[in-house]
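Residue numbers (the UniProt record's numbering), protein chains in the order written: chain B, 1 to 577; chain R, 1 to 326.
Keep in mind that the hints were calculated from the coordinates and are not lab data.
Some hints could be false.
[Stated by the list, open to error] Taking CB as the label site, the calculated pair distances span:
no.	chain 1	residue 1	chain 2	residue 2	range
1	R	71	B	415	38 to 48 Å
2	B	232	R	254	46 to 56 Å
3	R	59	B	492	11 to 21 Å
[Stated by the list, open to error] Here are the simulated lysine to aspartate or glutamate pairs, EDC-like style, with alpha carbons at most 20 Å apart:
no.	chain 1	residue 1	chain 2	residue 2
4	B	228	R	77
5	B	126	B	166
6	B	443	B	391
7	B	516	B	378
8	B	408	B	333
9	B	443	B	419
10	B	334	B	504
11	B	124	B	175
12	B	66	R	87
13	B	352	B	298
14	B	228	R	52
15	B	228	R	87
16	B	228	R	90
17	R	124	R	52
18	B	352	B	436
Here a beta-carbon is modelled for each residue, glycine too, at the ideal position from N, C-alpha and C.
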Amino acid sequence: MRMKAAAAVAVAGASALLLSACGVGGGGGATASGNFADCAENINNCNSVPEDQLQQGGTITFAIEKNIPNWNVVSADGNVFETGMATQAYLPAAFDTQPDLTLALNTDLMVSADLVNPTTIVYKIKPEAVWSDGTPISADDFAYSWKMQSPTECPECATAGNGGWDVVQDVVGSDGGKTATMTLSHPFTDWQNYFSSGQPLYPAHIAAQHGDLNTPEGIAASFDWFGKNPPTYSGGPYVVENWQDNQALTLAPNPRWYGATKPKLDQLIMRVITDATQEPIALQNNEVQVIYPQPQVDIVQQIQQIPNVSQNQQLGIQWEHYDFNLRNPFLQDKALRQAMYTAVNREDIIAKTVGQFNPDVQPLNSLMFLPQMEGYTDNVTATGLGSGDVERAKQILTDAGYTGVGEKLVAPSGEAVPDMRIRYTVGNAIRQNESELFAGYMKQLGINVAVEPTDDLGTTLSAGDYDIMVFAWVQSPAPFANAQQTFLSSSGNNFGQYKNPRTDAMLNEAASSADKAAATATLNEADRIIMEDAYVLPLYQKPTLIAAQDTVANVRGNASLAGPTYNAGEWALRAGS
Amino acid sequence: MLLYAVRRIVISIPILLVSSFIVFWLGTLSGNPLTPLLLRNPPPPQSVLDAEAARLHLDEPLVPRYLAWLGGVFRGDFGPSVIATQDIGEELATRFWVTMRLIIVAMIVALVLAVLVGVYTAVKQYSKSDYAATFIGFLFLAMPSFWLAILLKQGGIDFNTIVGDQVIYTIGASSIPPPDGLLARVADVAGHMVLPTIALALISYAAWSRFTRASMLETLNSDYVRLARAKGLPRRTVMFRHALRTALIPLTTVTALDMATILGGAVITETVFQWRGLGDFLIESIRQFDTYAVTSWLLISATIVIVLNLVADLLYGVLDPRIRYA
Numbered sequence: 001m002r003m004k005a006a007a008a009v010a011v012a013g014a015s016a017l018l019l020s021a022c023g024v025g026g027g028g029g030a031t032a033s034g035n036f037a038d039c040a041e042n043i044n045n046c047n048s049v050p051e052d053q054l055q056q057g058g059t060i061t062f063a064i065e066k067n068i069p070n071w072n073v074v075s076a077d078g079n080v081f082e083t084g085m086a087t088q089a090y091l092p093a094a095f096d097t098q099p100d101l102t103l104a105l106n107t108d109l110m111v112s113a114d115l116v117n118p119t120t121i122v123y124k125i126k127p128e129a130v131w132s133d134g135t136p137i138s139a140d141d142f143a144y145s146w147k148m149q150s151p152t153e154c155p156e157c158a159t160a161g162n163g164g165w166d167v168v169q170d171v172v173g174s175d176g177g178k179t180a181t182m183t184l185s186h187p188f189t190d191w192q193n194y195f196s197s198g199q200p201l202y203p204a205h206i207a208a209q210h211g212d213l214n215t216p217e218g219i220a221a222s223f224d225w226f227g228k229n230p231p232t233y234s235g236g237p238y239v240v241e242n243w244q245d246n247q248a249l250t251l252a253p254n255p256r257w258y259g260a261t262k263p264k265l266d267q268l269i270m271r272v273i274t275d276a277t278q279e280p281i282a283l284q285n286n287e288v289q290v291i292y293p294q295p296q297v298d299i300v301q302q303i304q305q306i307p308n309v310s311q312n313q314q315l316g317i318q319w320e321h322y323d324f325n326l327r328n329p330f331l332q333d334k335a336l337r338q339a340m341y342t343a344v345n346r347e348d349i350i351a352k353t354v355g356q357f358n359p360d361v362q363p364l365n366s367l368m369f370l371p372q373m374e375g376y377t378d379n380v381t382a383t384g385l386g387s388g389d390v391e392r393a394k395q396i397l398t399d400a401g402y403t404g405v406g407e408k409l410v411a412p413s414g415e416a417v418p419d420m421r422i423r424y425t426v427g428n429a430i431r432q433n434e435s436e437l438f439a440g441y442m443k444q445l446g447i448n449v450a451v452e453p454t455d456d457l458g459t460t461l462s463a464g465d466y467d468i469m470v471f472a473w474v475q476s477p478a479p480f481a482n483a484q485q486t487f488l489s490s491s492g493n494n495f496g497q498y499k500n501p502r503t504d505a506m507l508n509e510a511a512s513s514a515d516k517a518a519a520t521a522t523l524n525e526a527d528r529i530i531m532e533d534a535y536v537l538p539l540y541q542k543p544t545l546i547a548a549q550d551t552v553a554n555v556r557g558n559a560s561l562a563g564p565t566y567n568a569g570e571w572a573l574r575a576g577s
Numbered sequence: 001m002l003l004y005a006v007r008r009i010v011i012s013i014p015i016l017l018v019s020s021f022i023v024f025w026l027g028t029l030s031g032n033p034l035t036p037l038l039l040r041n042p043p044p045p046q047s048v049l050d051a052e053a054a055r056l057h058l059d060e061p062l063v064p065r066y067l068a069w070l071g072g073v074f075r076g077d078f079g080p081s082v083i084a085t086q087d088i089g090e091e092l093a094t095r096f097w098v099t100m101r102l103i104i105v106a107m108i109v110a111l112v113l114a115v116l117v118g119v120y121t122a123v124k125q126y127s128k129s130d131y132a133a134t135f136i137g138f139l140f141l142a143m144p145s146f147w148l149a150i151l152l153k154q155g156g157i158d159f160n161t162i163v164g165d166q167v168i169y170t171i172g173a174s175s176i177p178p179p180d181g182l183l184a185r186v187a188d189v190a191g192h193m194v195l196p197t198i199a200l201a202l203i204s205y206a207a208w209s210r211f212t213r214a215s216m217l218e219t220l221n222s223d224y225v226r227l228a229r230a231k232g233l234p235r236r237t238v239m240f241r242h243a244l245r246t247a248l249i250p251l252t253t254v255t256a257l258d259m260a261t262i263l264g265g266a267v268i269t270e271t272v273f274q275w276r277g278l279g280d281f282l283i284e285s286i287r288q289f290d291t292y293a294v295t296s297w298l299l300i301s302a303t304i305v306i307v308l309n310l311v312a313d314l315l316y317g318v319l320d321p322r323i324r325y326a
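If we strip away everything but chain B, and leave its shape as in the complex, we get:
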């Protein structure tokens, strides 16, 4: 009898556990809700709470999607998003990237940072700025952080390859070490990226304990040491209290933090959750209070159902695009490329992919700038590329001497245009969809395109094993250097081998200009030429998604490489929560 009762209880319990999973409640908006409702109008300050309404103490746990593989964020191994988000809590930087993607002087650390002439930058450091062991933050730290990234000062340092360091000639300290003067061999338009949050300052006095900083070998030894060892130093609002590999980074307030806003939290924890689909559940169970997953229809809908949770989507720095491989002799014909991209309907693609969970996504109309950035100009619409105008596309082909348009396309030379392959990353449903849509558009022109996944995007791109590729670029906060890396004829990242001496000259000129307005105009001119050549077709900016418990204050999305932790020192819990 006892056994029967126990079995009944067990069955009932299991059933309740399973059945209860089916019922959830709540609600929310499409792209912004709750505490993030004003983010569209007030992107840099939404979810701000006055200090007297904040709780002193408490813990916030923030989900990060990857382990931290290396603690040196300027190294090739450490230059990953998660390391970047972590370092912002404890490494000082001259400039921070704001949610609106602008660079702002870090006034906690800096008095000023000025380009006093085209090749000289003067950094004035606040007198009270110190590392967590009391050592002043000084010009020595600027000099060391330059040397560790300089290909001439430290050829053995396996750096991430951030642009601009090759033109730095010297960093000289003065004013008791509180002024650093950096001299360049020639102007670098993106100069504000030096020592920005993606390339922060590392402590020279700690580095000196692990290598002779007067020798390249010593710098390399300290460079590696910073990568392998969890930080025991801090020049930011938090210090690392504990690191459990693959589990969590626990941060505690830095007792020697010199900034205006003191951290309110007792602990800020960055917890590794490698499966994004598990993040909303952990948020719902209050095991984490802030999540920042890649948005997908399921995840967005799931979060909308969680009570007392706010969410916000922003258009981020990753932008999706089609690339032609110009190694294919047929694709070397500009008319064919223009016709193919003209037949592509970007509005349709968006509606059938990311538009399903974010109605704000629009076609991207520049290869060089994002709409949030100064200098963004629509260089696509006038070309007709991406318009989905099939008749216009057919006319381009006919005018260029193609026959069999709409049936089986034949080139002016009399050769049939061969079947082509569009490739995408295996398992990426959105890109599969984009590839199939592309194949559908091409069928209307008489071009047969096979959709083929790749499980190794990097190798496929660098080997040129594709005719058309759909993937995403991450827009660097340094647009001028970024354009060189993506479109210069000689660049390794110019996978489709677009070659144009005219745009090469423009890209080089724009990246090394002392006049930013002129550089912007030059870059836009290069953009117009490359768009006219129909090499890359930008599709849209990928949205980012932040969701947080309503108890959390001063947390907001930041679609740049900085991520939401750009203001980690201000994160707090609302009073009474």
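Assemble the complex: chain B is given as a structure, and chain R must be docked to it using the hints.
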């Protein structure tokens, strides 16, 4: 018996070597570990790519690479990981115990439940409880483990809501930071274990309970059990001493053979519940094209399966004296 065990171990060595070479070979075909670096914007300098290729021995032919890895394994070096700061051997050792904790508890729960339900439904064949247990068994058998795990998670959250406290957790093996006090820590670990254990146990339970039921029915209908009953032995003695002991022999085989399946189930369970065990290690290593890590994982998991199969063989002797004396 000792000779038998040694012979089994010796036979398993070539199996391990061949399987590890195949996995190593497939691993090298599956992708380029430099892909994350190749896709960076800005791109890392070519010198960095070359150095990384040399560190991972990507510039060497397949067979020498495999032999170098194998030689390293005997010295406790499982080769360089794609993550430069990661020691594959240390990682496997740490994660081994995480997975074992999950698997052992899940197996015990599944076995106890399976034997209890299997015996009960065999004795009460075609009763309502037999039909109910059959239905539940097939339900769990048909359920994809990741879906079951997600349902359990949602159920756990609702349970917390009902009791008004955080009793059940959905990620990790313990809270970070852990709570103060021994009792609180035990409760915390238990709260983290309950859902993954249920998820992993239910899948094995479903198959094992059906197996126990069938095996028990066959035994109960055998002549020697009928004879035992006819001799007037007490029902309890007939059931447990004569019938159950014999019925457990095939279950032992199935349990040992299912070890590979349970390890496979742990891959999904650990991913869904974010346990940093061997399953999670495998998934992450595959994602990063980390050939040395994947092959090392195979070596460890294959060894576990082989050892447990051996243990099962040895247990036959304990359960069935005829095998012991054969």
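Which earlier hints can't be squared with this structure? Of the numbered hints given earlier, those the structure breaks are 1, 5, 17, listed in rising order.
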